[in-house]
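This is what each chain is made of:
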Amino acid sequence: MPDRADFEGIVREHQSMVFSIAYHFLHDRPAAEELAQDVFLRLYKSFGALESAEHLTRWLRRVTTNRCIDYCRRSKLMPRIGLEQVPEPSSPSRPPDPMLSRTLRQLVASLPGNWRALVILKYQEEMETEEIARALDMPVGTVKSQLSRALDFLREKASRVLGETE
Amino acid sequence: MSRLDDAFREALRRQEPPDGFAERVMARIQARPEQGGAWAGLLAAFQRPRLRWATALAAAALAVGAVEYRNERERRVEGERAKEQVMLALRITGGKLRLVQARVQRIGYAPRER
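Order-wise, the sequence lines are chains F and R. Numbering that gives the first Met the number 0 puts the first residue of the first sequence at 0, with every later residue one more than the last. Numbering that gives the first Met the number 0 puts the first residue of the second sequence at 0, with every later residue one more than the last.
Just so you have them, the derived chain R footprint on chain F, three or more residues with Cβ under 8 Å:
(1) 2 to 15
(2) 37 to 47
(3) 121 to 127
The hints are simulated quantities; they were obtained by calculation from the structure and are not laboratory data. Where is the CB? At the ideal position from N, CA and C, for every residue including glycine.
Please construct the entire structure, taking both the sequences and the accompanying hints into account.
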């Protein structure tokens with residue numbers, strides 16, 4: 000078991016990453032906090048098996064994402080927000096715009112679980128396809144095709160929000 | 000890099016968890032049920048955002064239930080005591096009545112002086 004003070008430092012260092020993956024996935028702050036706490040509790044138990052800082056970051060991303068997918072499956076919250084609930088402002092707006100960001104987050108939260116995980120890791124964690132594949136233990140080809148479909152879907156829906164045609 | 004990519008990057012940027020997150024994680028580690036028994040489990044439940052209210056409500060319901068049970072028991076004991084006093088009063092009254100009845104009968108049968 001790690002030293003308590005050291006472990007608290009690790010929690011502080013990674014809390015925004017873990018919490019944000021959960022929050023963008025679940026779109027529910029209390030549920031995201033609870034899930035993030037569970038991930039750190041599990042990290043505390045598994046700490047001895049981790050070999051480096053990079054390994055720790057990969058482990059946290061993978062476990063958080065898998066927990067989010069499991070949570071949605073158990074809660075039958077997939078997707079949590081229906082596409083019909085996502086507002087589509089008629090007038091174009093320019094980012095960063097809090098309302099636009101909120102709409103895009105809702106749009107992401109309305110995706111099926113696997114697609115949602117890929118999009119969150121791509122945009123929040125700025126990960127490359129190969130990194131995502133390694134993190135989620137998925138074939139690179141599968142990640143590429145699913146990500147491509149998810150992004151096409153998001154672009155089509157979001158282009159109306161942004162008022163741009165790509 | 001498209002404007003849309005930037006918009007998604009902005010929308011999905013990292014956010015800080017609620018204040019005291021790390022402290023709550025450490026409290027749950029400290030209070031893991033296998034390390035501290037039932038009280039530790041209850042304490043750990045209080046650290047979980049979704050269980051916090053449920054645990055508080057359950058504790059409040061338990062407290063109200065305990066007070067109600069105690070009040071009900073006191074009422075029952077007082078009722079039993081009052082019932083015993085009534086029974087005692089009735090027994091005494093019955094005894095007195097029997098005594099009076101016996102005297103009345105004695106007077107009724109006594110020979111009259113001429």
